Every structure is written in structure tokens, then in C-alpha cells.
Amino acid sequence: MILVIAEQRDGVLHRASWEPILAAQQTGQPVQVAVAGVSLASVAGELAAAEVEAVLTIEHPALESYTPDGFVAVFADVVTGTQPDLVFLPHTYQTREFAPKLAVRLGRSLITDCIAVKQRDNRLAFVRPMFQGKFVADVAPTGPAPHFASFQIGAFRPDAVTRGATAADIRAVDITLEAAVIRQTMEPPFKEAKQAVDLTQAERIVAVGRGIKAQEHIALVETLAAALGAEVAASRPICDSGWLPMDRQVGSSGQTVSPKLYLALGISGAIQHLVGMKGSATIVAINKDAEAPIFEVADFGIVGDLFEVVPALVAALNAEGGGSSGAGHP
Amino acid sequence: MKIAVCVKQVVTREWPLRVDDARTWVQDRDASFEMNEPDAYALEEALRLKEQHGGEVVVCSAGPPRVAQVIREALARGADRAIRVESNALATADSGMVAEALAAAIRDEAFDLVLTGLQSDDQGFAQTGVVLAELLGISHATIIMEVQVVEGGLRVKRELEGGWFQWVSMPSPALLTIQSGINQLRYATLRGIMAAKKKEVRVVEPPADLAPHHEILELYVPEKAKQTRLIEGSPVEAATELVRVLREEARVI
Ligand SMILES: Cc1cc2nc3c(=O)[nH]c(=O)nc-3n(C[C@H](O)[C@H](O)[C@H](O)COP(=O)(O)OP(=O)(O)OC[C@H]3O[C@@H](n4cnc5c(N)ncnc54)[C@H](O)[C@@H]3O)c2cc1C
Ligand SMILES: Nc1ncnc2c1ncn2[C@@H]1O[C@H](COP(=O)(O)O)[C@@H](O)[C@H]1O
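In order, the protein sequences belong to chains A and B. As numbered in our numbering, residues 32 to 361 make up the first sequence, in order. As numbered in our numbering, residues 462 to 714 make up the second sequence, in order.
Each hint should be verified, as a subset may be incorrect.
Dumping the calculated BS3-like pairs for lysine-lysine here, alpha-carbon to alpha-carbon at most 25 Å [what the hints assert, rightly or not]: (1) K618(B) - K222(A); (2) K149(A) - K660(B); (3) K291(A) - K687(B); (4) K511(B) - K660(B); (5) K149(A) - K685(B); (6) K685(B) - K309(A); (7) K685(B) - K319(A); (8) K660(B) - K319(A); (9) K511(B) - K291(A).
Which residues of chain A face chain B? A few of them, derived with a C-beta cut under 7 Å, are [what the hints assert, rightly or not]: (10) H248; (11) A258; (12) I333.
Calculated from the model, a selection of chain B residues having no Cβ within reach of chain A, i.e. all distances over 10 Å [said to hold, decoys possible]: (13) R509; (14) K511; (15) R527; (16) A571; (17) G623; (18) G653; (19) A657; (20) K658; (21) K659; (22) E666; (23) A669; (24) P683.
Hints listed in this document are in silico derivations from the structure and should not be mistaken for laboratory results. Everything numeric in this text was worked out from a predicted model, so none of it was measured. Note that the Cβ used here is the ideal one computed from N, Cα and C, for glycine as well.
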């Protein structure tokens, strides 16, 4: 049996939870799904629509807000009690925080950020990116079962989960949880003060990454954006360095955009960036490294030095005149 | 406040990586190395906390003798002393093994605060810090963007997905995994580099009984999901052709 640990907040299921459920279904083994919190009826009902053996609900007042200590404590009991062969989770921020502690408390191995499961030499292997997506590795867990694996968000299609003919059993799991084991006090989530730029509405975006090398070169990117009638966006390191404001960041911790045109300059294409822009209609990458992962998602690419290509692009756009308006095209 | 910062040495971002002959790691014998990016931010945060609250910053790194380079760099930036866990096997080890080695090296020092990066640029497990917290028996929080020292412990700002944040309080001792961008990095000064030469570096061996938690069966280049049309030619030719394609074929400008 594979136990999937689903994630919810305030009674709303995290959509990424469907992905480890699908990964588990695809192995052909029976699947159970566990979810922790308070007032879980509706989340459990939603999960029970999938073809799974059972949905296990773990309710306790001390689980009203997630804490790493609370989750490690209860899931350690649930895993020990249900004795699964494998435990799957979505590789969310929450999983990153408690799953490594959970696995090591039980003396088990955890393989994070997996994108596929396969059989290899009669062993179960997990495929995961390495070196920022430049390579992938087939990795086999060692030591006693259950082995834990977390799945990269977006690696599986949530809507491909097999639905059951009838709703699965929903079972409340009896747990004891000493409030004293929880050392963290969580305050309610909040967003930073209103964002000044809304990149989600932009039709065209010129995004710049660390290939730009220095703050003084940002002007070059702004010139190209102006010639294209585009907004300027950036990868995280550019905003971390303070070269562009944080609200221009695209990716898992920034904005998610889907413009008609996304032009990526000197961006390698780490997964945390890709999730924020891969829904764009046309993606163009300019990068001096032909093997940069950004080319995995690009429709058009130029392998070259952006300091040579960008001025040439600006010249080509301006030579044809009125390049910024795009007028006359649907 | 006695603070430990764990820094990992990784291959420089710009290094052209190739899979090695055994097809389980990269050819890194002649590579150049640097400090894992979020670890540099963790170090900076530790230095700032020390400046505000006093105490000591101890940098810890595990790996082959070459990791002495990132230790020197951290000492030059202002760390007070270092612990280096020397082991060739730890260069490619899983996070469980590394965390066990680090825990053994720092446990007796009873740090008030342990900082790590949120994940490594090479293996990217996003686990070592959290496992270390469990092995040390201390509280932890991950992906931290601000640290406040409060009565009896810490109040920290935790990054959530999609632009959300959350404040979390906990008693010390504690371990935090630091996200890039939490502060602005300082660079080593000439004076710092000179001073670093006199600072203490304690070299220790990892416990003998470390066992792996996983095995890399094969490392390879991923298959392309999408056919990218590469536009060739000189920069001027390629730029002209790209403008034509975007205008006439993709119709996006
Ligand atoms: C929890 C978490 C959340 C994150 N959230 C985000 C996020 O929201 N957004 C985000 O972007 N990242 C995010 N990251 C960081 C992400 O993992 C990458 O580190 C980051 O996206 C890399 O940025 P980059 O591509 O600009 O830099 P690099 O990876 O350093 O890439 C630079 C690229 O520029 C190319 N280049 C260099 N010089 C030139 C030149 N002269 N001409 C052309 N090309 C050149 C290089 O070949 C390289 O491909 C997050 C990471 C974590 C762990
Ligand atoms: N060999 C190492 N030596 C010191 N610190 C390490 C080592 N490996 C990992 N770390 C720390 O653990 C963090 C997370 O690494 P990882 O679990 O590999 O993603 C890094 O950012 C470092 O702070």
C-alpha cells in the first residue's frame, strides 16, 4: 500500500496533492490518502472521489494551523500504524519543512522533488532533477521500507487522477497529540503590501536573469522591452540583488504569468522559474549555453551572447519602425 | 548568541558540467567551486545577528579537503572560526549522511542557533538542515526571509508559495533554513582575508558508521519535452530572423 499525505489549509485542498495520488495510482499498488487538520469533512470528501482504498482523516484542535512539530508527531504515528510500503507527498513548501524530519524520526529515507517513478533492475527508482535541472538522476532508496518520496509540483497532471466508481471510505484515525510537543507558534499568512506591477496582465514580457551580469546592464533590457512594448520581469537572483524590485519576479515565489510573448534573456530555466512562465503562449530564450534547461520549454531560441543579440534585436525592431505597437495584428 | 552556519561547496554555476564515466556524478576534478548561494545569505544573516546581539559565528562545512576554500571565504567575510568535516565520501553523499556528519561535529558545542541554506545548487535535496534539526533535537523553520531575536527565542518570517508569508515563533535553540535574498551580501575585504589566516579551523572526521540512504543509479541529460526552433547565424542575422518569426509566424509583436 502507498500512503499519500495530502495537504490542505483552512479546508481547501492544495491542488498539488493530486499529483502524488496519481504517481501512486500509476504504480498499480493500492493507495490510501491521509490528511491532517480540523473540519476535514469537505476535503476528505473531495479526496474520496479518487480511486483509492481509503481516506484517513487526522483531526485534532492542535492541528488547526500546520506546525512542523505537530505534523511530524501525528504522521509518525499514522505511518507506524498503517505500515505502508511507500509514502508519497507533494513537494510543497510545507512538505519541505516537515517531511525530512518525519522520515528521519522513523529512520527512513526520503527522496525529494521526484518527477517520475520507474522500475530499474528490479528496483523501484525515483527520477529527480540534479544540478538545477541540467541533469536528472535515477535514484533508488536504501534501508528499510517504507521509503518516502515527494513529487515536484507540475510533474504529474492532477486531472489525470483515476476516479473511483464509488466514493472511497473515509476513516477518522485516532491519534494522541500532546500539545507540549509543538514548539512553533504560527501567525496567519499574509501578503506583502500591494504590488506595484501586475505582470499577469502583460501581453509581452522581457525577463532577465543572472546572465545580465551587472545592474548597469539592466538598461539594455529596458530598451528592448520598450522596443517590444513589453514589461520587464526577472528571475529571483536579479530581485535578490536589488537590481529590480521584487514585484517583477516571476516564478514559484513570484508572479505566475502567461503573456503572448515571454522572452527570457540569460535565464537558465530552474524549475522554480519555469512554473511561473511555462504557460506563456510563445516562449523565446536567448542563452549562451545550448544546454540550459530554459530551452526545454522555449518555442524559439538563440544560442548566443545576449550582449550581442539584444542590441541587434533592438536595431531590427526599430529599423522596421513602430515595433512597439504591434498594431495591425490580431 | 552562539551561531553555527553550514555552508556547502558546489561547482561554480558557470562551469560546463559533463556526466562522468561511471554515469553517477559529474566530472568535477578540474572544476572551480563556490559557496552554495543560499548559504552565503545564511552566513550574512549570522554575521548581522552577531553584530546586533553579540556572540560568535562558527562556519561548518563537510566534504573533501577542497572545501577549505569556502571556509576561508566565510572566515574572510567575518566568521570567527570553523569546523571542517573531512571526508571524500561526503562530496556526493545524500542529505541524511551529511546531516549525521554535521550533527556529530557540532552537537557538543550547544549552539543557540544553527543556520543552513534552504537547498543546495547541486543535489537540491532541501533536506540537510531539517534532518540536522531532528538529529540535534531542536526546533526549526524553513525558507526564512527575516529573523528577529525575541525573549526566549526567535520570531522568523517564513516564505510560503505564491507571494505569501507567515511569522513563526519558537524557543531557542533552533535551526533555520535561509532563503536567498533575505539580506544584501557583503564581500570580503582585504583586511578580512588577512585576518582569516589566523582564525581557528578545527578538522574532524565523520563518524565511521555513516550509511547511505539512497543510491544514484544513473545521472543523465533529460529528454527534451518540446522542440525548440533554434535560430542560427550571426547575432544580427539571428536577431533579424527572430523579429520576422515573431511578427509573421507567431504574430506576437
Ligand atoms: C524555494 C525556492 C523558490 C524559488 N523561487 C524562484 C522564483 O520565484 N523565481 C525564480 O526565477 N527563481 C526562483 N528560485 C531560484 C531558482 O532555483 C534559480 O536559482 C534561479 O531561477 C536562477 O536564476 P537565473 O536563471 O537568472 O540564474 P542562473 O541559473 O545563474 O542562469 C544564468 C543563465 O544565464 C546564461 N548566461 C550567462 N551569460 C550570458 C550571456 N552573456 N548571454 C546569454 N546568456 C548568458 C547562463 O548560460 C545561464 O543559463 C527559487 C528557488 C527556491 C529553492
Ligand atoms: N556538505 C555540506 N557541508 C555543510 N553544509 C551542507 C552540506 N550539504 C548541505 N549543507 C547545508 O544544507 C543545506 C541544504 O542542502 P541540501 O539538503 O543538499 O539541499 C545547504 O544549503 C547547506 O547549508
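Hints, one by one, checked against the model:
no.: 1; hint: K618(B) - K222(A); in the structure: 12 Å, holds
no.: 2; hint: K149(A) - K660(B); in the structure: 49 Å, violated
no.: 3; hint: K291(A) - K687(B); in the structure: 18 Å, holds
no.: 4; hint: K511(B) - K660(B); in the structure: 17 Å, holds
no.: 5; hint: K149(A) - K685(B); in the structure: 18 Å, holds
no.: 6; hint: K685(B) - K309(A); in the structure: 14 Å, holds
no.: 7; hint: K685(B) - K319(A); in the structure: 18 Å, holds
no.: 8; hint: K660(B) - K319(A); in the structure: 41 Å, violated
no.: 9; hint: K511(B) - K291(A); in the structure: 48 Å, violated
no.: 10; hint: H248; in the structure: 16 Å, violated
no.: 11; hint: A258; in the structure: 9 Å, violated
no.: 12; hint: I333; in the structure: 5 Å, holds
no.: 13; hint: R509; in the structure: 16 Å, holds
no.: 14; hint: K511; in the structure: 22 Å, holds
no.: 15; hint: R527; in the structure: 18 Å, holds
no.: 16; hint: A571; in the structure: 17 Å, holds
no.: 17; hint: G623; in the structure: 7 Å, violated
no.: 18; hint: G653; in the structure: 21 Å, holds
no.: 19; hint: A657; in the structure: 24 Å, holds
no.: 20; hint: K658; in the structure: 29 Å, holds
no.: 21; hint: K659; in the structure: 31 Å, holds
no.: 22; hint: E666; in the structure: 22 Å, holds
no.: 23; hint: A669; in the structure: 18 Å, holds
no.: 24; hint: P683; in the structure: 5 Å, violated
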